[in-house]
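Now for the letters of each chain:
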Amino acid sequence: MTIENREEFLNKLASRLGRERRTEGVERPQWSVTPQEEVFKGMNQDELAEVLEKHCQVIHTTFKRTDRAGLTKVLQETIEGYEGKLIVTSNDPRHQEFGVAEFFEEAREQLDVHVWDPAAGKENQRIAEQADVGLVYSDITLAESGTVTLFNNKNNGRSISLLPKTFIAVIPKSTLVPRMTQAAQQIHRAQAQGEDCASYVSFISGPSNSADIEMNLIVGVHGPIKATYILVD
Amino acid sequence: MSIKLGEVPYKDRVQTGIEDDFMRQAVSSAQGRFRNGRLTQAAELGNWEDWRELGSEIRTHTLQNLDYYLQQLSDNVARRGGHVFFAETAEEANQYVKNIIKKKQAKKVVKAKSMVTEEIGLNKALEEVGAEVVESDLGEWILQLDEDPPSHIVTPALHKNRQQIRETFAKKKGYTGSDTPEEMAAFAREQLRQDFLAADVGVTGCNFAIAESGAVTLVTNEGNAEMVTSLPDTVISVMGMERIVPTWEEMEVLVGLLTRAAVGQKLTSYITAITGARLEGEIDGPEEFHLVVVDNGRSKILGTEFQSALHCIRCAACINACPVYRHIGGHAYNSIYPGPIGAVITPLLEGYDDHKELPYASTLCAACTEACPVKIPLHEHLIRHRQIIVEQEKKAPTAEKLMMKGFAKWSSSPGIYNLSAKMAKPALGPWTKDGMIENGPGPLKDWTDARDFYAPQGQSFRAWFKQRQKDGETS
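Quick note, the sequences are listed as chains A and B, same order.
The numbering of the first sequence is the numbering used here, which starts it at 39 and goes up by one.
The numbering of the second sequence is the numbering used here, which starts it at -13 and goes up by one.
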């Protein structure tokens, strides 16, 4: 991998700043204020779930809540509501954990489910592009902004939550945190310990939208047109 | 395109803006909505000043150690399988990207909205080597089809109405539908989806690069940046060299400030951090990733009294607060960076010669400074620009120079001054109505175009005061 023109470029910056080049030993200072730590501080998972539910109205996202036993039924209803025939989803151990794998098996007459498969190459994208529904599990859920965080990888392609017409995120209650601060801290801590971040980290808050024509809000532009979050207790 | 939009003189641009009723109405309503959004978000947080302080501290620290963080960033991008090119000029940046396009024999390039690629004129450069360039942000796509420059850095097509957009779609893309925003957006979705799938190369800007990981963070609502970075096999991100943060923790704070200050959202629908090339077994994302770090005049600002102008996170809160922008619109600034921040950085990046009027396109009311989420003292920078223009560059607007010179001569001679004070009233008589001048002649015209002028009273203050004293003595 190449890095071109770096020395000259950075030497010039150092000289403009009136000092020698800094190549090591720079530490972030202690910031004088840390308001990001205070938001929803001390809230428990149920309180955060309420914050999330409320914010889903702002981001045009349907919010549903159920438990492990009820998930299959809620999922089925949601897919039906989206007239879902072709579903694309991640190759995720949580399908087993939440009983979703079993549901797919039972519904195989009605639903065509494509599980992301690295061996299938670009075919995955082609299917996702045709799919009615993309289904994923949230890795970290940000209550304040109604955001599903995805660490995309070879079993969990970015296209799943992007190309289909609609988007369903299953949110395990344990993934709820107050806001983006906690997600950023988690990624930073891992990085500081030498664990590289995913090549794609996606923070998704509801369906795609635009206000570029006369400032009218249009929900559903390039990404999914509709979104549902299913919180699982 | 470059930073500068064209050759039309400042006064004519302002006049065009002022006469464009639709644009002024659109700008004023957009300003109101964006401003309310920002204020609502700030009120909800309750401690907005702490957030601004934090944003300011982060930007200050990062810029003071810019060489260190850019080195860390580039090392990490390379470690994650990406290439990094440091470009001192727009030409160098464009040449590098052109070479990739040629090497890849790319026919189609899709782009996500990016101010820095507008700044360096990348689209034109790519068309020179025969690539079709497609802007994918809805607003940018409309402008591209209509060959019109952006007028706002967040909603670039703000100055266009729906009928104009429908005509453009019909003329350029054979659109036959109505002018409802939903239908036109659905048409754009369908058209651009094909472009995303067919593109050989994706080009993005960069909201915040994260030094500790080598990641590039992109902020959108439409999901177009995600398409541009997920589908093509080659992705090129172009960043202004100052668009960097040390770690994910600072990225998070600044993204929250950006989305709140820009559009009043807690976060936009999509915040995506992409790092290097795709990993083994991954299907989405590029197999070849390039990061182009652009100086293009920014280093001239570093180490000067204007350094904080580089703290800008391109939220447009200052633009949305500015009473002058409200009336003249974005194109009057003749820069891809309009409004207060544009008036500060355009002369810094391109010199005073072509942009000496911009620091005067301000009432110095400081609404911009108050709105800025990273506390850039914008109006103070504008005052300093004016000082430099007058004192060092000797480039004060001609009318101001003549007026000052004339005033000095005229007012320093009591005889002439007294005479003209007496003469002014009868001389301006023909333009005076009920003691006001609504449409003055000559040099007065600039003033009376915008507001009325009190007609002279026929005696100077001194004469009046003397008379008053005399009256006082006799009574």
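Just so you know, the hints here were simulated from the structure itself, not pulled from any lab data.
Possibly wrong hints are sitting among the right ones.
In the DSSO-like style, the derived pairs of lysine-lysine whose C-alpha atoms are separated by at most 30 angstroms in a straight line are [said to hold, decoys possible]:
id	chain 1	residue 1	chain 2	residue 2
1	A	Lys160	B	Lys90
2	A	Lys203	B	Lys157
3	B	Lys110	B	Lys90
4	B	Lys89	A	Lys160
5	B	Lys94	B	Lys(-3)
6	B	Lys(-3)	A	Lys160
7	B	Lys(-3)	B	Lys395
8	B	Lys286	A	Lys50
9	A	Lys203	B	Lys159
10	B	Lys408	B	Lys456
11	B	Lys342	B	Lys361
12	B	Lys411	A	Lys192
13	A	Lys111	A	Lys50
14	B	Lys286	B	Lys158
15	A	Lys264	A	Lys111
16	B	Lys93	A	Lys160
17	B	Lys94	A	Lys192
18	B	Lys157	A	Lys50
19	B	Lys391	B	Lys361
20	B	Lys(-10)	B	Lys342
21	A	Lys203	B	Lys94
22	B	Lys110	B	Lys84
23	B	Lys159	A	Lys264
24	B	Lys408	B	Lys381
25	B	Lys93	A	Lys203
26	A	Lys160	B	Lys408
Calculated Cβ distances over 10 angstroms to all of chain A for the following chain B residues [as the list claims (entries may be wrong)]:
id	residue
27	Leu25
28	Gly107
29	Gln130
30	Ala143
31	Asp281
32	Glu379
On a predicted model such as this, the values are computed, not experimentally measured, just so you know.
Note that beta-carbon positions come from the ideal geometry of N, C-alpha and C, so glycine has one too.
Now the hints, each set against the structure:
| no. | hint | result |
| --- | --- | --- |
| 1 | Lys160/A / Lys90/B | holds (19 angstroms) |
| 2 | Lys203/A / Lys157/B | holds (28 angstroms) |
| 3 | Lys110/B / Lys90/B | holds (18 angstroms) |
| 4 | Lys89/B / Lys160/A | holds (23 angstroms) |
| 5 | Lys94/B / Lys(-3)/B | violated (40 angstroms) |
| 6 | Lys(-3)/B / Lys160/A | violated (55 angstroms) |
| 7 | Lys(-3)/B / Lys395/B | holds (27 angstroms) |
| 8 | Lys286/B / Lys50/A | holds (10 angstroms) |
| 9 | Lys203/A / Lys159/B | holds (23 angstroms) |
| 10 | Lys408/B / Lys456/B | holds (19 angstroms) |
| 11 | Lys342/B / Lys361/B | holds (24 angstroms) |
| 12 | Lys411/B / Lys192/A | violated (83 angstroms) |
| 13 | Lys111/A / Lys50/A | violated (63 angstroms) |
| 14 | Lys286/B / Lys158/B | violated (41 angstroms) |
| 15 | Lys264/A / Lys111/A | holds (19 angstroms) |
| 16 | Lys93/B / Lys160/A | holds (20 angstroms) |
| 17 | Lys94/B / Lys192/A | holds (26 angstroms) |
| 18 | Lys157/B / Lys50/A | violated (49 angstroms) |
| 19 | Lys391/B / Lys361/B | violated (37 angstroms) |
| 20 | Lys(-10)/B / Lys342/B | holds (12 angstroms) |
| 21 | Lys203/A / Lys94/B | holds (25 angstroms) |
| 22 | Lys110/B / Lys84/B | holds (10 angstroms) |
| 23 | Lys159/B / Lys264/A | holds (27 angstroms) |
| 24 | Lys408/B / Lys381/B | violated (34 angstroms) |
| 25 | Lys93/B / Lys203/A | holds (28 angstroms) |
| 26 | Lys160/A / Lys408/B | violated (86 angstroms) |
| 27 | Leu25 | holds (16 angstroms) |
| 28 | Gly107 | holds (20 angstroms) |
| 29 | Gln130 | holds (12 angstroms) |
| 30 | Ala143 | violated (6 angstroms) |
| 31 | Asp281 | violated (7 angstroms) |
| 32 | Glu379 | holds (21 angstroms) |
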